[in-house]
Structures are given as C-alpha cells and as structure tokens.
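Asks: One-letter residues, chain by chain:
Number of protein chains: 2
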Amino acid sequence: MIHGGNVSEIEKEYGISRKEILDFSANINPLGVPETLKKILVNTISDLINYPDINYDDLKNAIGEKYKLSQDHIYVGNGGVQVIFDFIRAVKPKKSLVVHPTFAEYERALQGVESKIEEYQLKEESEFLLNVEDLLQKIDEGYDLVVLCNPNNPTGTLTSKEKLKPLMELCQKKGTFLLIDEAFMDFIEAGEEISLLTDCKDWDHLLITRSFTKFYGIPGLRLGFGVCSHHGVLNQLNKQMIPWTVNTFASNFGKVLLEETSYEDSTYQWLKNEKAYFINELEKLGLFKIYQSSANYIFMKLLNDEIDVKTLREELIKHHILIRDCSNFKGLDNRFLRIAIKDFKANQRMIQALKSVFNC
Amino acid sequence: MIHGGNVSEIEKEYGISRKEILDFSANINPLGVPETLKKILVNTISDLINYPDINYDDLKNAIGEKYKLSQDHIYVGNGGVQVIFDFIRAVKPKKSLVVHPTFAEYERALQGVESKIEEYQLKEESEFLLNVEDLLQKIDEGYDLVVLCNPNNPTGTLTSKEKLKPLMELCQKKGTFLLIDEAFMDFIEAGEEISLLTDCKDWDHLLITRSFTKFYGIPGLRLGFGVCSHHGVLNQLNKQMIPWTVNTFASNFGKVLLEETSYEDSTYQWLKNEKAYFINELEKLGLFKIYQSSANYIFMKLLNDEIDVKTLREELIKHHILIRDCSNFKGLDNRFLRIAIKDFKANQRMIQALKSVFNC
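Protein chains in written order, with my numbering: chain A, 533 to 892; chain B, 533 to 892.
Heads up, some of the hints might be wrong.
Identical chains share a label here; the pair holds if one copy fits it or two copies do between them.
Straight-line distance between alpha carbons at most 27 Å, and here's what the computed DSSO-like set of lysine-lysine pairs gives [what the hints assert, rightly or not]:
| # | residue 1 | residue 2 |
| --- | --- | --- |
| 1 | Lys771 | Lys648 |
| 2 | Lys655 | Lys821 |
| 3 | Lys862 | Lys771 |
| 4 | Lys571 | Lys544 |
| 5 | Lys695 | Lys807 |
| 6 | Lys551 | Lys570 |
| 7 | Lys624 | Lys648 |
| 8 | Lys551 | Lys787 |
| 9 | Lys655 | Lys807 |
| 10 | Lys551 | Lys571 |
| 11 | Lys627 | Lys771 |
| 12 | Lys850 | Lys816 |
Quick caveat, the hints were computed from the structure, so don't treat them as lab data.
Extracted from the complex, chain A is given alone in its bound form (with noise of 0.2 Å):
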C-alpha cells in the first residue's frame, strides 16, 4: 500500500526526524488536535478500563445532531477507511465501476470482494472534471456499485449537487449503488450544502462516507463514518460488523462536533488565506500546471521537462519537505503531484525549496 503521511518510512529510509518532516503528502488539517478534543482525552484516559459502547450511541447521536441525520442511518468505523470496506463487503457487487485517479482503497476493497472492476477514467483535456452525461451513458451499462470521491482525490475537483442528482436518479432507478466518499467536504465552508448526506434518506442507494481524520487534524485517531438508509446494506453490515471498531477516545468525538466551534471558523479562515497565497506562489513559479482545487490540497502537473516527480520528491527529501508522487494513480504519470496547504510558515518553505531545487 502506497499512501502519503508515511512520515514513519522517512524517517527510517533518510534518517530525518519525524518532527523535522514537513508533510505535503497528507492532507491535514494543520491546526492540529482541536483544543475541546485534548482536554477529552486527558480526561478520559482512565476510561479505557472499559470497553466502549458497542453501539456507539452517544456518538452517533452528536453526528446526527451536527449533519441532521437519523441516527440509525449512522455506521461508524475506524477511520473513513474502514467505513468504506465495511460499506463494500455489505453491498458485494459483483461488478464496479470506480472513478479514476481516485483514492487507491476503493479497488483495494472491491478486490477483496471479489468484484470484477470497471475503471471510469477523468480526462486531462477536460481538467478532470466529471463529465455527468457522460458517466450516465457509461453507467447505464448496469453495475452493481459505481464509486466516486467528491471534492475527488488528488485531483480536487467538486462535483456539485445539482449535477450528481441525475447520477443518483439512475443509479436509484437501475438498483444500482452509488457510493461517494465525501472525506474532504469539509474542507467547503458551504460543504453541507454540496454534500449529498442528507440525501441518503430518501435515496436508498446512495452511500455517504465521511472521514474525522482531515478537518480535525487526527489521523492517528480514527473515526469515520458512513451513511445509509438500504434496509438490506445496514442488516448487512450489522450482521458482519466486528465489535468495539471505535476506540473509547474516538467514540467520545462527539462532544468535540457539538462543542468546539471556534475550530471549524478557524480553519476556514486559514484555508481562504493560505489557499489564495500559496497557489499565488506557485503560479509565480511558472513550473506547474495548477488545476483548480476545492479541497485542503493542490493537485498540479509538472510543466517542465527536465525533472519527473519521483527526482523532485526525492530533491524536496533533501529539503525535509514530503510531497505526494501522484504517480501510482490510475491515469496519472510521473509529472503529477499533490501537495496539501499547510500554515503560511510551511507553505513559504515549500515554495523557498521549490525555488531552490529549479534554481529560479
């Protein structure tokens, strides 16, 4: 499994502190662990004596509460990862058709079911935008599941509401699944808006997944959580769920969504400055084609043809600066990168590095 954040294999491999790596591979939140959520857990450490709620009601009801969602519509997992397996061995479809480049875990799960799977490929003409009317057509081939990730890694693209409604309509109609991972909605001020949540009540087979771990700057956490209304897909997943999935930290996330408030506000108003800066900068650059993002990251195309991304990645290395080599990514080659937008201190390195590798 290759995937950006592997901080750990850095380390090892160069001999660089972790604390001296600034990581572009990951797309986190970089205010770090909320405040409410440190207090939780210094708190709760003596907690672990026992097991946690096996149905995770508390933080299902403040997921509720916060999305305006039925509680028995909620499936929490450990870490939006494990959701969408969990959602993929409920469905079982046997055949798929995946939204390409996109997260490698989709196929990873799709494997283990044995489905036989389709790729959807986003075109480079097009700025990998999905082209709805046309992934209609494709869909009406019949598949079991159709995924997708919306904003879409790595490209950060945004598909909107109104265009995903005739998606969902068909999928309704043939019985076939849509599962979107909404992992970095969030990151939208106006995502609940976008988000296709709520929809799950009345469109049974649309799949909603959600990840804590980006907005909330906790990937060693995790929690996740998936949303349905099928009767059959949550009996399923009842039926094959394996217990105490959540960690007792983890499960008390819910007082964190209720409570902490100026997070959220906070992170907007970094997103909105770093974001306009940091693409500022790098345009300034002149080395990259810079596709337009709706996420927390920036997905760009080296422009010059001298250096491929594996030489950069490894010429940033020499910098401690860690960049995700996009590379591996259905449809992508070796002049595709993404890097996450970070505080201004370490947007500003990236760039003086940047500089420094191009001499320019």
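Position chain B against the provided structure of chain A, taking the given hints into account.
Replies: Same frame as chain A, but now just chain B:
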C-alpha cells in the same frame, strides 16, 4: 451482539452512572491503565496529526522482542477480535469446527465467510475440560479450520501444551488450520511456557491470537495481535488489510510492553491473592458449583433451583453489580454465570451483595 462489559447499556437502561457500576461481566485487570501508558498517551496527543506508521514496525519489533517472535510472523489489529476476523477471512475455511462453549465472535466471523460450522461441545460432566483424544477423532473427519480458546472463555479451563501437541500434529498433517485464541494466556504467570505462540514458526497451520485489552486493563484502546508463519495466509492478510487499523496511541504500546515491568508483577501478585480469597468466600456461600479457572475470571453454576441467572443478574444490578449471564453461550443454560476477579474491595462487595440476594 451480546457481550460482557456493556456498562453503557446499564447506564441507559437502569439509570445508574457507569462510574457507580462494578463491572464483573468483563474480564479486565482492575489495576487499570499502566502508568507508563498514561505518560505516553499524554505526551503523544499532538502526534495524532500524523497517520500511524502504516507498517507498525516499532510495535511489531516490541512484540517480537517480548514474545521471541519473528516480526514477519506478527499481525497487529484493532483489538484481538479484529485479528480473529482477519485471520478467518484470510483462511476462508469452507468447513470449520468450533469448540464450545466459547466466545461468540468466532462463529460470527465464520458466518461472515460463509463457512459451514460444526460445534464440538465440551461436556459438563467432564468439568468442561478438553478431551484432546476425543477431539482428534472429530478432527479426523476433515475440517479446514478448528477454533478453540485457551484458557477458554467463559469456562476458564486450560489445556496444556503437552496435550495440544498431538492436535497441532494432526492439523498440520491434515492441512487443517488450528486457530487458538490465547486472549487470557498472559494472566497465567508461566503462560509463555504454556502458550503456543513460538510454535507458529515450526507449525505453519497454527494461528495464535492475543489481546492486550484484558491484561493491561485497556479494552478502550483496542490492540491485539496474531502470529502465523503460513505464506499463503500472510499474503492474504496483506492483500485484504485495511490501512491504519491500529490507532497512534495503540501503535506506541510497544514501549509499555518493553518498559513496564512492575505492572506485570503487581498483576500476578493481585491475582494470586484475590483469586484465592474470592473463590474461598464464594465457596463458603454454598450457592454455586465453582469450576477450576486458570484465568482472571470464575465460571460457576447456580446450585439453588429457585433462581436463574437472569434473575440473579437483575438482583445484582440493584446493587450496582454487573455479572455475565452465560445462558447465551452454546451448550450452557440459565444456571451458568461468569464473574471477573476484581480488587479486594470490589470482590468483598460482590460477596456482600450475594449474601443479601440469597439472604445468607
């Protein structure tokens, strides 16, 4: 799923604060979260901003060093129960044999892979002790997987290494995988001499699972491991593995394993004293048949015909005490119960509560 340790349910159903419940239904070390772990937790909160090491090298190293195992044979998971599910998914047995009465999750995991499941019942008239010769004959009928728990949950019965050897030999010879859950083995002071952990190296059809939950008083943290040297199973585990299943806090548990020594000693000291005291007091009551237990819990049968375990459980909840009604274990009826051995004060309260319920 009905399991012990569901204090959240009691809190909600009976309106008793979880802090006031004496939980004898979960078999957790009452010494609580080790001090070394508490320090690590407090000091690594800000590390949550990084993904845990996707390979868990440090954790596997520590487990390897502690239990004298090759790191290549160690598989870590989000609690012992996840390791059990993952092992069973990797073996994907068509026909399995489970030794009952036992932990219900083996069967749930087997149902998940649509295995044909047969039951091998331990006999009440043999004090629920495993008759290996009899089991060998049964296994000779041909199975893909045999599952047993040693020491067994809920009976507390232990089968010696000597007795298990012919079982390993037959399984290896017949190509039958033998999964032994040693979740409670570390409560036995000489447990590592009885354990089959290190035998996995030489017997590639032997699979052992372990939990850190019980011994280290941390069911809320979620950490367990398994050992296996079978190339096919190891490859399959790798293929099907969900990334980042072990959270950052649990991934740092290796330091506790290697550096915490007094916790182990204190645990053996506590168990030796309290087990003798508690069993003696329980016997004096004359209410139960008490089975010989090698673990940190006591399996008993009500002698009194006027009350069943469900009623006893309800009565004890009035005293804010929770026991494990074992009537939903296969082969047991509403006269069997399991209680954890807790600290002196708690055990004393249990005895008092029993005296009060039975007016003795």
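Asks: Would you mind marking each hint as holding or not holding in the structure?
Replies: How the hints compare with the structure:
1. Taking the shortest Cα distances, Lys771 and Lys648 sit within 27 Å of each other both inside one copy (24 Å) and across copies (16 Å).
2. In this homomeric assembly, Lys655 and Lys821 come within 27 Å of each other (Cα to Cα) only inside a single copy, at 15 Å, whereas the closest approach across copies is 72 Å.
3. In this assembly of identical chains, the alpha carbons of Lys862 and Lys771 lie at most 27 Å apart only when taken from different copies (19 Å versus 34 Å within one copy).
4. For a Cα distance limit of 27 Å, the shortest separation of Lys571 from Lys544 across copies, 25 Å, qualifies, whereas the shortest one inside one copy, 32 Å, does not.
5. Taking the shortest alpha-carbon separations for Lys695 and Lys807, only the intra-copy value of 25 Å comes in at or below 27 Å, while the best inter-copy value is 66 Å.
6. For a Cα distance limit of 27 Å, the shortest separation of Lys551 from Lys570 qualifies both inside one copy, at 19 Å, and across copies, at 22 Å.
7. Both within a single protomer and between protomers do Lys624 and Lys648 lie at most 27 Å apart by alpha-carbon distance, with minima of 11 Å and 20 Å respectively.
8. Taking the shortest Cα distances, Lys551 and Lys787 sit within 27 Å of each other only across copies (19 Å), while inside one copy they are farther apart (29 Å).
9. Only within a single protomer do Lys655 and Lys807 lie at most 27 Å apart by alpha-carbon distance; the minimum there is 25 Å, versus 68 Å between protomers.
10. When the C-alpha separation of Lys551 and Lys571 is checked against a cutoff of 27 Å, the pair qualifies both within a copy, at 23 Å, and between copies, at 19 Å.
11. In this assembly of identical chains, the alpha carbons of Lys627 and Lys771 lie at most 27 Å apart whether taken from the same copy (23 Å) or from different copies (20 Å).
12. Taking CA atoms no more than 27 Å apart as the test, Lys850 paired with Lys816 passes inside one copy only; the shortest distance there is 23 Å, against 72 Å between copies.
Hint compliance for this structure: every hint is met.
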